[in-house]
Amino acid sequence: SIEEKIGQVLMIGMHEKNFNKSLRTHVQKIKPGFIILFKKNIETPSQTLSLIQNTEDFFEKSEIVPPIFTVDQEGGDVVRVPTTPPLPTALAVGDLQDPKLARDLGASVGNILGKLHIYMNLAPVLDLTEYKPDSFIQTRSFGRSADTVYLMAKNFIEGQHVHKVLSTAKHFPGIGFTSNDSHKSISFADMNEDELVKSLEPYKKLVRDSK
Numbered sequence: 023s024i025e026e027k028i029g030q031v032l033m034i035g036m037h038e039k040n041f042n043k044s045l046r047t048h049v050q051k052i053k054p055g056f057i058i059l060f061k062k063n064i065e066t067p068s069q070t071l072s073l074i075q076n077t078e079d080f081f082e083k084s085e086i087v088p089p090i091f092t093v094d095q096e097g098g099d100v101v102r103v104p105t106t107p108p109l110p111t112a113l114a115v116g117d118l119q120d121p122k123l124a125r126d127l128g129a130s131v132g133n134i135l136g137k138l139h140i141y142m143n144l145a146p147v148l149d150l151t152e153y154k155p156d157s158f159i160q161t162r163s164f165g166r167s168a169d170t171v172y173l174m175a176k177n178f179i180e181g182q183h184v185h186k187v188l189s190t191a192k193h194f195p196g197i198g199f200t201s202n203d204s205h206k207s208i209s210f211a212d213m214n215e216d217e218l219v220k221s222l223e224p225y226k227k228l229v230r231d232s233k
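Using our numbering, read the sequence shown as starting at 23 and increasing by one per residue.
No lab work stands behind these hints: they were computed from the structure. Incorrect hints may have been included.
Derived pair list, reagent style DSSO-like, types lysine-lysine, alpha-carbon separation capped at 27 Å [to be verified]: (1) 186 - 226; (2) 53 - 39; (3) 53 - 122; (4) 192 - 122; (5) 43 - 53; (6) 27 - 43; (7) 192 - 220.
Here are the simulated distance ranges between beta carbons [to be verified]: (8) 48 - 230: 33 to 41 Å; (9) 33 - 104: 33 to 41 Å; (10) 166 - 38: 37 to 45 Å; (11) 169 - 84: 44 to 52 Å.
C-beta atoms are modelled at their ideal positions from N, C-alpha and C, and glycine is treated no differently.
Using the sequences provided together with the hints, build the complete structure.
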């Protein structure tokens, strides 16, 4: 139906940590294609897996296309599923200029998420930036060089794909040189045409690779 097709392109959040009556009513009405989890939804690995599996089972029994669960699992400060030891920042990986390390990190993240039935990660970050205390991106970027960002992101993505976890290149067209939080207000980047073109290079190269 039209309603189901609309639901398929929606990504929704939720308040619950367990699949209860409130959540069942919520997802049954919207029939979302994607469900995003935040820290408020994640307590332990077993609890998280139970939440996802019970949701998937409900969709399948209701003969509704089950949603893809997704999180922001970048590393550094942006991690929804806690790990021991903590995941390194993208900036640290970029500074080391080691593609294998980026691939291994992606594979490790993909392995963790795949075991939890989370098959989409809202990462990696492709913004070009240099670390500044007032930067919104801060250590979430692989660096200022378009070549470095592309190479690290490419390998991170390939590592995730080993475990069948989808990747999301963000934040197109680039907010690496903005200082305000784009979740709360419109972001502006003071850059010229050459700088804008440069910021798009990692996206262009990844699109090229996917053909």
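Hints, one by one, checked against the model:
Straight-line distance between C-alpha atoms of residue 186 and residue 226 comes to about 23 Å, which keeps the hinted pair within the 27 Å bound. Our distance criterion of 27 Å between C-alpha atoms is met by residue 53 and residue 39, whose separation comes to about 19 Å. Restraint check for residue 53 and residue 122: the C-alpha separation of about 39 Å exceeds 27 Å, so the hint is violated. For the suggested pair residue 192 and residue 122, the alpha carbons sit about 21 Å apart, so the restraint of at most 27 Å is met.
A distance of roughly 15 Å separates the Cα atoms of residue 43 and residue 53; the hinted pair therefore holds under the 27 Å criterion. A hinted pair counts as satisfied when its Cα atoms are at most 27 Å apart, and residue 27 with residue 43 qualifies at roughly 24 Å. About 15 Å separates the Cα atoms of residue 192 and residue 220, which keeps this hinted pair within 27 Å; it holds. Distance hint check for residue 48 and residue 230: the Cβ-Cβ separation is about 40 Å, which falls inside the suggested range of 33 to 41 Å.
For residue 33 paired with residue 104, a C-beta distance near 22 Å fails the hint of 33 to 41 Å. A beta carbon spacing of about 41 Å between residue 166 and residue 38 agrees with the range 37 to 45 Å that was offered as a hint. In this structure the supplied range 44 to 52 Å holds for residue 169 paired with residue 84, their Cβ-Cβ distance being about 48 Å.
Of the numbered hints given earlier, the model fails hints 3, 9; all others are met.
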